[in-house]
Each structure stands twice: as C-alpha cells, then as structure tokens.
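Participant: Let chain A serve as the given structure and place chain B with the ligands on it in line with the hints.
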Amino acid sequence: MASTDSSSKPDTEKPDEVTSEGTPVTEPTDEVTTKVTPKASDAVTAEEPVKVDEPVKTEDAVRTEDAVTVDGPVKTGDAVTTDDAVKTEDAVKTEDAVKVEEPAKVEEPALVAASTSSAPAPKAPAPAPKSPAAARSRFSFNANSLRQNGIYIAFALIVVLFAILTGGDLLQPQNLSNIIVQKSYILILAIGMILIIIAGHIDLSVGSVLGATGAFSAVLMVNHDVHWAIAIPLTLLMGALIGAWQGYWVAYFGIPAFIVTLAGMLVFRALTLVILGNQGIGPFPDTVRDMANGFTPGWLGNVALGSLGGADVITLLVGVALVVTIVWTQWRGRTARQKLGQSVESMTVFLLKIIAPSVVLMFVIVQLARFKNLPWVLLLLGALVIIYSLITARAVFGRHIYAIGGNLNAATLSGVKVKSVTFWLFVNMGVLSAVAGIIFSGRLNLAGPTAGNSFELDAIAAAFIGGAAVQGGVGKVIGAITGGLIMAVIDNGMSLLGAGSEQVMLVKGLVLLAAVAFDVWTKRRAGASSR
Amino acid sequence: MPSNILEMRNITKTFPGVKALQNVTFTVAEGEIHAICGENGAGKSTLMKVLSGVYPFGEYEGDIVFEGKTCEFSGIRDSEERGIVIIHQELALVPELSIAENIFLGNETAKRGLINWDETNARAAKLLKRVGLDENPTTKIIELGVGKQQLVEIAKAMSKKVRMLILDEPTAALNDDDSAHLLDLLRGLRDEGITCVIISHKLNEIKAISDQVTIIRDGQTIDTLHMKRDEVTEDRIISLMVGRSLENRYPDRDPSIEIGEEVLRIENWTVHSPTQRGRVLIRNANLNLRKGEVVGLAGLMGAGRTELAMSVFGRSYGTNISGQLYKFGKPIEAKNVQQAIAHGLAYATEDRKRYGLNLIDNIQRNVSAAALGKLAKAGWVDDNQELSVAEGFRKSLRIKAPTVASITGKLSGGNQQKVVLAKWIYTNPDVLILDEPTRGIDVGAKYEIYQIINQLAAEGKAILVISSELPELLGICDRIYTLSEGRITGEVPREKANQELLMQYMTRGQE
Ligand SMILES: Nc1ncnc2c1ncn2[C@@H]1O[C@H](COP(=O)(O)OP(=O)(O)OP(=O)(O)O)[C@@H](O)[C@H]1O
Ligand SMILES: [Mg+2]
Chain A
1 MASTDSSSKP DTEKPDEVTS EGTPVTEPTD EVTTKVTPKA SDAVTAEEPV KVDEPVKTED
61 AVRTEDAVTV DGPVKTGDAV TTDDAVKTED AVKTEDAVKV EEPAKVEEPA LVAASTSSAP
121 APKAPAPAPK SPAAARSRFS FNANSLRQNG IYIAFALIVV LFAILTGGDL LQPQNLSNII
181 VQKSYILILA IGMILIIIAG HIDLSVGSVL GATGAFSAVL MVNHDVHWAI AIPLTLLMGA
241 LIGAWQGYWV AYFGIPAFIV TLAGMLVFRA LTLVILGNQG IGPFPDTVRD MANGFTPGWL
301 GNVALGSLGG ADVITLLVGV ALVVTIVWTQ WRGRTARQKL GQSVESMTVF LLKIIAPSVV
361 LMFVIVQLAR FKNLPWVLLL LGALVIIYSL ITARAVFGRH IYAIGGNLNA ATLSGVKVKS
421 VTFWLFVNMG VLSAVAGIIF SGRLNLAGPT AGNSFELDAI AAAFIGGAAV QGGVGKVIGA
481 ITGGLIMAVI DNGMSLLGAG SEQVMLVKGL VLLAAVAFDV WTKRRAGASS R
Chain B
1 MPSNILEMRN ITKTFPGVKA LQNVTFTVAE GEIHAICGEN GAGKSTLMKV LSGVYPFGEY
61 EGDIVFEGKT CEFSGIRDSE ERGIVIIHQE LALVPELSIA ENIFLGNETA KRGLINWDET
121 NARAAKLLKR VGLDENPTTK IIELGVGKQQ LVEIAKAMSK KVRMLILDEP TAALNDDDSA
181 HLLDLLRGLR DEGITCVIIS HKLNEIKAIS DQVTIIRDGQ TIDTLHMKRD EVTEDRIISL
241 MVGRSLENRY PDRDPSIEIG EEVLRIENWT VHSPTQRGRV LIRNANLNLR KGEVVGLAGL
301 MGAGRTELAM SVFGRSYGTN ISGQLYKFGK PIEAKNVQQA IAHGLAYATE DRKRYGLNLI
361 DNIQRNVSAA ALGKLAKAGW VDDNQELSVA EGFRKSLRIK APTVASITGK LSGGNQQKVV
421 LAKWIYTNPD VLILDEPTRG IDVGAKYEIY QIINQLAAEG KAILVISSEL PELLGICDRI
481 YTLSEGRITG EVPREKANQE LLMQYMTRGQ E
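Quick mapping for you: the protein sequence lines, in order, are chains A and B.
Using UniProt numbering, the letters of the first sequence map in sequence onto residues 1 to 531.
Using UniProt numbering, the letters of the second sequence map in sequence onto residues 1 to 511.
The set of hints was computed from the structure by calculation and includes no laboratory data.
Take the hints with a grain of salt, since some may be wrong.
[Stated by the list, open to error] Per the computed footprint, the stretches of chain B lying under chain A, defined by three or more beta-carbons under 8 Å from a beta-carbon of chain A, are:
#1 333-344
#2 349-361
#3 376-388
Cβ atoms here follow ideal geometry from the backbone N, Cα and C, with glycine treated the same way.
One chain only, chain A, in its complex shape (with noise of 0.2 Å):
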C-alpha cells in the first residue's frame, strides 16, 4: 500500500464492529408500508436537488455556514502545520538517529530472532529516545502526505464554496440526502473500479454491465415474476460470472485489461439490448424500490432536537455508533503503537484528527436525521466502504493488490499469485456492478437499454481524483469515494446554482485533469529518486 502511514488516514477507517450496522439492509422490508417519519413524501424520484422553501431556511442557512466555516479552516490548517512544524524537527531527528546508530555497529540477537521465530513477534524493539522531536517523527509530512491529504483538503474547499454560492441550500437535510441517494451506484462502482486501478488495470465495461445485470434482474422479477430474494442473488451471481469471463481474458490470457474490457463494454452493451428486446422494462416490485429508493423506517420514532425540529432517533444513534467506533479504533491504534514503543502524534494532532471528521459525520447525520431517515442504500454505501477499506488495508488479499500494482515482478517473485488475485479482482467488479446495477434500476423503476451509459468514465474519474496513480501501486478506497462525492457535490451545487449541463462536463473535467495534475507535481516534488 502506498501510503506512508497511518497518521494521515481519515478517520474513518477500521472499525470492526460496524460492519453489523450494514446487514439489515434488506430485512425488516416487510413493514415498510408504515411510515413513521412526518415528513416523508413519495415524490424523491425526482433528480434534480430539490430546493426546500420553508421558514427555517434562514436560520438553517445560517447554521449550516457556521458549520462549514469552521470545518474548513480545521482541515487546512490541520494539514498545514503539521507539515511545517516537521518539516525541521524531523530533519533534527534522523541526523540525532544516525549518531545514535554508529557506534552499536552489530546486533546480532535481534536478527536471529527476527528470521527465526515465526510465530511471535520478536520482541518488541527497545523504545526509542523520547525527546520530543522523536515523538513527533511519526507524524513527517511531506509532499507524499500532502499528495495524500489533498484529495480531503480540496473535497471540504469545493463543499464550502458551494454552500455559500447557493446559500446553504447544498447542505439543506433533502438535498445532502440527494447527492448521497443518487451518486450512490457511481460511488459502488468506484469502489470496484479503485481496486483494479490499483492493480494497474482498468475496466471500461462497468457500465454495461451495470445495464446487463439490471436488465436481467427486470426480467426476472417483472416478466417473470421471480421473488427479489432468489432474482437479486441470481443478478449477482451474473455479475460475478461476467467479470470472471473478463478476469480470465486479463488474467490466465494475458490481453490487456484496457482492450478486453472495452470489447466487454460493446458485447454486454448488446446483452443489454438483446435481455430487453430494446425497451424498458418496469416497474420493479416495491421491495427493490424502497431498498434503491427509501428509507428506513424510524422504528424508535423522532425526537426533538430544539430548534431544528424533529429527528430520527435510528438515524442519530448509527451516528453516535460511528463516532464512537473512530474514536475507540483510533485509540486502540495509538496505544497499541505506543505499547510497540513507536513514536505517535502528539495528543493535540490526535484529537483533531478525531474529532475534525466526527464532527463533519455528525452534520451529516443530524442533517439526514431531520429529513427522513438513513437512506437504504446508504447503509448498503457504508458497509461496502468499511468492508473494502478493511480489505485494502489489513486482508492479506488487499496487500496483495497494491504489491501487484506496486512492482508486478517483484509481486510475483514474492509468491503473489498474481493471475489469481487480478481474476478475482474482476470477478468483484462485476458483482459490484451487479449490485449498482439493481439500485440503479430500482431507483429510475425500469431498466433500460441505455442504464448505465459512460458510468464507467464516472467510476474512473472518481478514483483518479481520489488520488489513484495511472501506473497502480497506488489509491485507496475512502479516496475514491471522496472523488466521487467530489463530482456529486459538483454535479448537484451547479444544478442548484442553475448551471447547464454543458457547463457542469466543463467544470468536471477540469477538475479531473487539476487533479491528477496536483498528483504529478507532488511526485515531482517529493522527487522521485528513481530516475
């Protein structure tokens, strides 16, 4: 994995337990017909954000500012700092390292037990000097963490400045809920699409497939009225044999990704076509609806939240679990290194780098919590994040990936299987798309032949803004996620700032090429030595 540590990670990454927060997506559907929300209303399918006029407006506006303008100079200045602050005490560090080192020339000891004991670790290496300098040498920022970071910095500068262009009313409760809701089969795929890239690999079919699966998953239950919990199953496992034909063309046969899947992109194009005999097919029983479309019911009714007016207790108390979550993770981690005798940040920079993105959370949620509920598919959205980060971050099959993308030779010399993991890779790109596919359909109510149409340029966008390298080796989920909303957030505040849609491809594809221009430059200036 390319990143240089954990210090700078957002925060919201590890947290095991949650993971029992993202099952009951499909469950408790049965009851839905009971509303318990005041304000649910079934007119959401509508695209376009939806401007909400109501007296709270102004004092909302105003809230929401606030919000935001503390949230943003936090962030920069986190960063900011930190990087300064370092950059010296660091460069004091190494050198008083280097005087320490010289005169214990071997260690004899400490290396047989590092090769010869396999199980337990060898023990732990004695703690280091604590001067205050080596306390903090964990936390060296350079170009590489800047190049890391930025994505965020950029993400919390493109929110802020789109919040006072249209007045707060990107961050009213309806409308976060409308980038979340409709971006969210972009942002499935990107998830997908972040971990082929940094395979060094590309899938142009995604969106194709996302219409063949869907198209399928129609037939099923509306010609054929297959109950959803047998045609969603067998929609996936459709998924997963379509990116198996695809892995294996990559994998075993060695042609370029870039070249099976484009053919792949025009061969399930046509499935598309050929499943729907060229027309739409709709409308979708209700179950999937509501899983694409709706929410959760407030099974614990609202509570009272001052002046703000009702809010989801359910919702509110799967923010406070996340918040809870990062924290105690987080702590976990840090004692856990301390106990390691590795230096760690100091408390200050941990706490920021806590609460900044709890606090951030905790708006979002409240604001959620205010409007109706936790969306389906943000759960779904939620688990998937945490799962996959997890896998790229500690699976033994993540590490794998970033050392196949890293160094494809050095991979294989090293025992990855490499056809393998790049096979499966693919087989869980088409699964993903499977799965965007369904909410996709779900949510428009019919599947057409033209679902999912260049979704596959929105998917790679997203990660390459998020911060993955063209050559592999390098990208993370949660920075993915973060390009997607990153084009959502645009996509939504210029259509709420009446901008037209030439406009928006304009102003996204800039922002495509700024960003992986930032990329470029920062590698340059961190000045990668292998010439």
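Facilitator: Coordinates of chain B with the ligands only, in the frame set by chain A:
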C-alpha cells in the same frame, strides 16, 4: 597543478525528513579521474544529481562553479549543454529500442524531422568501436547483459560533447573482466582530456584508477586525498568512510559449526531460453547444498548464474525446464514461486529495483511481502506485529531510514538491498539463494552482510551466493561451483580455491 574544472561549494540538500547533504564542498581538477567514496546513503548520488541538474537550481543551497562560471542548471539538458554528462546508478536505457536508438535518444540525427537511420547506425557503430563494444547497433538493449549496457551508456555519453563524465557505480554490476575493460576505457578518456568523476564501492578499482578521492560520510565531506602524494591505502579510505578502522574484510567463520546433511540437490537441470527458441541456457547442471554451508557460484557475465537460480526458484525464469530437485533427499516439485517458498527456498534477486522491491511502498510492507501469511490470521494481516518485525530488521540490518514507513524507492541503493535481504530472511527459508548480495554496497555494510550470511549458516540454513567478485566468494564460501556457458565446470573446496583456478574453470569450454 592543473586548474580546477569544477568547484561545488557549501552544497546543502534536504529531502523531507532527511538532510542528504550538508555544506559539502567538492573540487575536481581538470583532466583527472576523481573518485567519490562513502557508505550507503552518504549522499554520493545526491551530490552528483545536484551537479547534473536532476535536482534543479533552487532545490539545493550552495554554488556550482564549472569552468570558471557559476552554474544554475534547471535540468539535465542544461548541464549536458555545458558538457556535464551523468550515467546514473540505475541504467536508463529503453530495453525495447536498439543500441543506436538508445544512444541518440533525444539527440536524433534528423533532417527535416526525419531520422536518417543509415547515418545514425553508422555513427553508433563508430562510438561502439570507441568504447570497445562488439555489437551490431541495431541489436535491442534487452538482449545485452548489464556489462554491455553500461558500455552503451558510455557510448551514449560520448555522443554528446562531453567535458566531464560522471559515473555512478558503473562497475557495481560488472564482473572483473568487464570492470577492467571499463576502467581502461576511462583512462583512455582521460588521455583525451575528459574529466571523470566516478562513484564506486570497489576500493581496489578506485585505488587503481583515480588521481584523487573525496570521501563523504553522512552528507558531509570528510576529506579529499591525492592518491599518489598522500600514499592512500584502501584501509585509510575505509577508516575515513566508516569513521573507524576495519581490521578484516571478511568475518571469520565459527569453526565449531559443522556442515551437516544435504539440504538441496539439483540434478540434471536443463533450462531453455524463453525468448530464443532452442537456445539452451543451462545444460545438465548438478549441484548440492548442505546444512550450515555457504556455497559460491562463480561465472562470467552471461554464464547463466541468475538463470540457474531463478529457474530453480519456482521456475521463475526459462522454459522447457527439466531435471529434478531433492530436498533432504526427497524429490520435490517447485513449479511456481509459491511452491518454492513453501519448500523453504528463497531467492534474493540481483536486480532489486526491477525484481526485488515495490519501490512506491514502504519498508514495512516490502519486508513482509513474501511472508504475509506468517503475519496473518484468516487472511487478515496483524499490522502491529508486522511493524515490530520490520522495526526489528531495520535495527538489526542497520537499514538507514528514519522509520519503517519510509518509501523504499527513496532509500540509497545499499539500504534497498538490505530491505530485500530482510524480506527473504523473514521467510525463514532452509535454502537461501543470494544473487549478488553485496552489489553496490559499501565495505562496512558488506561486512555486516557477510556476518548475516554466517549467522544464517550457523542457524543451519544452506546458502548459495552468486557473485561476480571472486575475492568475495573466496572470502566467505566453503565451496565454490563455477559455471561456464550454462555448464557446471568445476567444484572447488575452500582450501584449494584461488582466483586463477576459478578463472580457469570459469572460462572452460569457451572459445
Ligand atoms: N528522493 C529522495 N527522497 C528522500 N530521501 C532521499 C531521496 N533520495 C535520496 N534520499 C536520501 O538521501 C540520502 C543519500 O542518498 P544517496 O542516494 O545520495 O546515497 P549514496 O551515497 O548514493 O548511497 P549508495 O552507495 O547506497 O548508492 C539517503 O539517506 C537517502 O535515503
Ligand atoms: Mg548512490
């Protein structure tokens, strides 16, 4: 005393977290061969990159005065215009292009935008003759060995109007013959009036060829010595380099360690070339390795040493491989790298950049790359344990980096090599094949690596060392095989081995 062609004054260069150069002063006289010595990570390459504009003006502090004029290069093009040409530690040739294309890359002989291939090839042929390389200019780089590639690099440098040639460890990957040839070539260039700066860890070469030597330690100039006037000896250079004296170049083996049973036997091993149909790379090779034994494999460039090792290591090179491996007397199959690792084989590559490391990832993840399974439960990696393992290696192998979170691509060559070693030591193999384990490594670190090798042998591992430096093999091995044109031509025990004998075996069956 000739005038100074180059003066670098008070050069300071910092990378985030690392002060690579501190007030370095470096002066080169016109028409001399000037050597730079220093430990791995001392800052030698960095200094030369500053000089050649790889790190442009503004990214460092200090002055560069070349031929009396202060220079502010903004890129390599600028410095080349002034006649400063650098050949980097990592060769920068395009493998799929021909020799001639590489020589004139970026400098093409063109008329109205069209390249005149006849003229290009003719000029290339002339340059090749000058550097003594007997190859067709249309041959692709990929078909050449490292030694010949190095000569192509020099030919490329000569194609520009070079006043000062900088060579960063040009002989690191060369065997003695090729090195000698290269050094002769440099002498010839000096006679033509070209000033040379050469970085090398091979002190005997430095002593043989250079007029002055500058020693750098921890980013600071320690001293500049005049070879003849100051009566420089290798030991003196070493003590300046490491800051203390080193009595022995090779550590003593503990005589109480007994060489035990046979661990690996390779029988009738035959390997064919994957690129050229029908060409046999290794023919009927037989060798064995025993517990606690350090075995050497000597051979000239192109003899097939690496090919032999890699084909044994999970058939990772070559096609149509036949023969049988026996481990502890039982036949084993190692059809791919995973199986080889599972059988306790390990192969540390000679080409760490291309085959050894994920250069964009950190030390920790590189160290664990080949043995992630040991750190994982049910597919999940225990990254705390991983961290402490990597930390352990960073300390015990003295990998010079602030933390194990440092990116390996930014380490100096020697430290990268140590990371590769750590990776394979951590797989805890029974058989460890080390392909040029000390290539590009300073004397102090070499000694440490020999000690590590001894220690691993003492733990009962069987070790095969491939090296182009015969003194090294003679210094550390119990037994040495020689390979010539894909055949094992000799097996010499330590007591009987000497350079002449090995050389004789290494060239057996040729001409
Ligand atoms: N691009 C870079 N970014 C960060 N640190 C770097 C970079 N390039 C070099 N360094 C650091 O600067 C120091 C000097 O490196 P340099 O490559 O000059 O060493 P060297 O003397 O050439 O060593 P070797 O003999 O191993 O080639 C090392 O500590 C290295 O890690
Ligand atoms: Mg160097």
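Participant: Hint by hint, note whether the structure agrees.
Facilitator: Here is how each hint holds up against the structure:
Residue count for the region 333-344 of chain B with a Cβ under 8 Å from a Cβ of chain A: 4. That meets the three needed, and the coverage hint holds. As drawn, the region 349-361 of chain B meets chain A at 10 residues by the rule of a beta-carbon pair under 8 Å; at three or more, the given contact holds. Residues of the region 376-388 of chain B lying with their CB closer than 8 Å to a CB of chain A number 9, which satisfies the three-residue condition for coverage.
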